[in-house]
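There are 2 protein chains.
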Amino acid sequence: MKIAVCQYNPIIGDLKGNKDKILNGYNLAVNNKADLVVLPELFLCGYPPLDLVEKKEFRSAVKLAAEEIASDTIEVGLLFGSITETFEDNIGTNVYNSALLCFDGKIQFVQHKTLIPNYDVFDEVRYFEPAKNISVFEFKGKKLGISICEDIWNDADYWKHLRYPVDPIKKLYDDGAEILINISASPYAYGKRIERFKMLSKLTSDDKLPLVYACGVGAQTELIFDGASMCFDKDGQLCILGKKYEEDYFVFDTNKNYESIKNVEGNFAEEVTAALILGLRDYARKTGFKQALIGLSGGIDSAIVAYLAVKAFGKENVHVVMMPSKYSSEGSIEDSEKLIENLGISSDKISIQEVVDKTLEMLSESFYGKEEDVTEENLQSRVRGMYLMALSNKHGYLLCTTGNKSEIATGYATLYGDMCGALAVIGDVYKTQIYQIAQYINKEKEIIPSEIIEKAPSAELRPNQTDQDSLPPYDLLDSILKMYLEEQKEYSEIAKKIGNESLVKKVLRLVDINEFKRKQAAPVLRVSTKAFGYGRRFPIIQGWSFLR
Amino acid sequence: MKIAVCQYNPIIGDLKGNKDKILNGYNLAVNNKADLVVLPELFLCGYPPLDLVEKKEFRSAVKLAAEEIASDTIEVGLLFGSITETFEDNIGTNVYNSALLCFDGKIQFVQHKTLIPNYDVFDEVRYFEPAKNISVFEFKGKKLGISICEDIWNDADYWKHLRYPVDPIKKLYDDGAEILINISASPYAYGKRIERFKMLSKLTSDDKLPLVYACGVGAQTELIFDGASMCFDKDGQLCILGKKYEEDYFVFDTNKNYESIKNVEGNFAEEVTAALILGLRDYARKTGFKQALIGLSGGIDSAIVAYLAVKAFGKENVHVVMMPSKYSSEGSIEDSEKLIENLGISSDKISIQEVVDKTLEMLSESFYGKEEDVTEENLQSRVRGMYLMALSNKHGYLLCTTGNKSEIATGYATLYGDMCGALAVIGDVYKTQIYQIAQYINKEKEIIPSEIIEKAPSAELRPNQTDQDSLPPYDLLDSILKMYLEEQKEYSEIAKKIGNESLVKKVLRLVDINEFKRKQAAPVLRVSTKAFGYGRRFPIIQGWSFLR
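Sequence order for the protein chains is A and B. Count the first sequence with my numbering and you get residues 1 to 548, in order. Count the second sequence with my numbering and you get residues 1 to 548, in order.
Quick caveat, the hints were computed from the structure, so don't treat them as lab data. Among the hints, a few may not be true.
No copy labels: a pair is met if it fits in one copy or bridges any two.
Stated by the list, open to error - With a straight-line Cα cutoff of 20 Å, these simulated PhoX-like cross-link-like pairs (lysine-lysine) come out: (1) K244 - K55; (2) K262 - K370; (3) K16 - K55; (4) K530 - K519; (5) K496 - K55; (6) K326 - K358; (7) K55 - K505; (8) K290 - K311; (9) K56 - K497; (10) K311 - K497.
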């Protein structure tokens, strides 16, 4: 069977645009004499549609669009993801996350999703009822075993711990499926692609069935979908790997022999750089921004964000601002200017000092008798935030925040100051990883000036300040944070590994007590298995951490 | 049977404090010769514990605390809510939301929650497996039918549409339950208490069983738990109603006759005022703030917030700042000063004009050739935000934001400006409802000056501006918003009711496109069935609304 995979990029809720993409892919595949055309999970409405699913008008419009699409089909099959609604027992939401198989002008078969993920960034139980049945469908003489994303992630042979009591793929296998097709929308995190590859390779070789694993691509606010659809033969060999981080279209012939692909995921810096560029580009494109704005401090974080913006917007559409104060080193401006030249972008330089001084003068009576403290540091950051927002408002720039994950984790950031912005581009990347990305960017020629890479990190908010006045060295900090956040290790285990109880206690406490800042943070582009934002939900008021 | 209800206020995660409260209540009830003592859902860990449940160390500490509590019991029963863990089938989370019945030094019976809510502000499927069984437990010669919160909300006789295919209460009834006990943590929304009363009254009279409905009280970030535990006799008469918005302790004797209570919920202004005071007070108390700060504009919103803060903190702990600009009317300051006098609070007056002017001077080159626009308006708001945050940082004040629901809905608010603050006190209260609250506050004497109530609402960010330059009249706006947000009506239906399609389109579009601002908003105290924040999840990137 010749199966065309349309690895396209939908916009959530844009039914007209998504419908056009489905039909364009279908028509292309019909011309290519494919038997079946496959698009990803919930492609028609975009994934994740969140509370749009609760809107009757939205569901009606989706239903209509799906029917219109079906009516345009001929004998070539078209399989795509969409929400559907049935009122069989009229209990619960009545809504399903479904795969619709259309041909000869009609929706001929609907398979609902059986396993409804409800962890990390997934809230699907909020919207969807699980399928009551999963069964094969015979099409052009072949029994197709159609499933949706999570359905394929509960293989008892692969996982030590099962999330769900049933395995829909086993049911399809038992029912005599000859080809497995899984339509998916699987958000990227570094390492995820290798895991998909290993798990699916084991599954297909165990079951002796070929598999088409059709993935979406593109970013939806925080979530980045990396594409990289996969087609396996019945020996678990990867035959086709879709393009990474861009749209793709290809035809998989289940009767053909392919060379086996082994290398599915690049190194951290390579993958994450590409992911973040897509994340930033899609955020801008899908919300209508054409130009980006970044406050350039002379440090490595804002330098990397400026580079990513140039890749996402084109250099002519990136504007940066240097906003020195009396604590800014000479080097900060020089280094920034070098970067600006390397990137070929436009810039402003606007001192904050006079506004800071004027503000302190206005507040002097209210501050009478009080020592200088973090207030004055925050104020500098907030004047910069105010400048950036004014420029963003006046010129329609998308303001990118430049905080990294180490800072956001420990609250080493000023609310309404450097946290201002529409998107936290590197908010899921630790400081030590930022250096890896800088090396990667510079691998052919120096784009990020070495001065920026080599200087000691500093917020430059008081004389001779460095980050390490407040925080432990970044390699130590990041290894604690990674254990605590991604690996979900806890205090005793981390303290044992690190061997410094009071330090671990301090870091974990910083993470816990800064929930209130993250509540008001810009959306963070997710590139790890546990990013701040939607997939991590801690109460702001909570005595557990205060007591530790 | 004599059943003591401890309607107490836990802190999420504060196991030591919550454990002490459980044992204090138990000892009091033992002295009062009660047979059984009941505390609310998940009382030991606090509700909702959110992702704390995913921490092994947290679960272990909860388990230990529960065992320690049980070991302190004598023959008097103690029933309280806690998370528990079982590894029977080792599929899924293995964690349950449970009611633990302890006596004679041990946990004697555990009933897990059967119906796991996963809508609006509830995410419980993320953490909890449903009970596999629900059964009565005989204690002191009576068959107790113990259930947890949502378990009692699926009565087929009461609801038109069922969320769940099973009804645990019917099972308890069929098993011969003689007394129903439901431990609950039910967040308040105006109208909710009457609904609880009606539903439970019907259920108890249908089943001919008495019911103890033990509720938690207190606020946890956004959620306000109003207390008002209820005890019904077997005829569906309400015998005891716990105190509203405060801790309470009482004993219900199932053999005694009580006078029937009919009046369970006051009018909107009365209830919501009390709810917001509790919400603000508990946020401060549980996060350690002793003093509040409010920016006073001369308008009604900040006046109401100042009043609520006085009630929550005491007048000696409330500080307000007037921050006039060249667009501020004379009246704004005079009216504010009158309010300050009425409330007996301290104040500052700090002009923003010089800082605004200095900032514009610094930005003049970057703004060259551009017309004045919303940038300059936002800038004024942001200078005020910067002042407020500086004062908050310097003096340790809790900064309260003063935006109402109508503004937050339509994006009529400045990000990092008037949106600065730890808690959006009136963010779930429409502008028209703010006026109702003002009338309520003034019912005995004028506290909110009539000048503030009577003036046309204005942001005073440009000459002679009023809110109605940008927004429809508030009564019309609020009726559209209420239909769209709380009643979850949609465009066609709303347009039909309002009779002005373009206006409805405009308002709905404003709501939809301002998701990005709300993403970065302070937590909103929830007093309606659909508040902004945790219980309302829309994608920032979404083509559905843009297209309308």
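Cα distance capped at 20 Å. Does K56 pair with K497 within a copy, between copies, both, or neither? between (52 Å within a copy, 17 Å between copies)
Exercise. Could you figure out if K55 and K505 sit no more than 20 Å apart (CA to CA) within one copy, between two copies, both or neither?
Key: between (45 Å within a copy, 16 Å between copies)
- prompt: Is it within, between, both, or neither for K326 and K358, if the alpha carbons may be no more than 20 Å apart?
  reply: both (14 Å within a copy, 17 Å between copies)
Requested in this report: Up to 20 Å between alpha-carbons, please classify K262 paired with K370: within, between, both or neither.
Outcome: For K262 and K370, neither the intra-copy (64 Å) nor the inter-copy (56 Å) Cα distance is at most 20 Å.
query = Between copies, within a copy, both or neither: which fits K496 and K55 at Cα up to 20 Å?
reply = Close across copies (17 Å), not inside one copy (50 Å); limit 20 Å.
inquiry  = At most 20 Å between CA atoms: does that hold for K311 and K497 within a copy, between copies, both, or neither?
reply    = neither (39 Å within a copy, 49 Å between copies)
Cα distance capped at 20 Å. Does K16 pair with K55 within a copy, between copies, both, or neither? within (17 Å within a copy, 44 Å between copies)
Discussion item. Cα distance capped at 20 Å. Does K290 pair with K311 within a copy, between copies, both, or neither?
Written reply: within (13 Å within a copy, 48 Å between copies)
Checking K244 and K55: alpha-carbon separation at most 20 Å within a copy, between copies, both or neither? neither (33 Å within a copy, 34 Å between copies)
First find the shortest C-alpha distance between K530 and K519 inside one copy, then the shortest across copies, and answer within, between, both or neither for a cut-off of 20 Å.
both (16 Å within a copy, 19 Å between copies)
When each numbered hint is compared with the structure, violations occur for hints 1, 2, 10.
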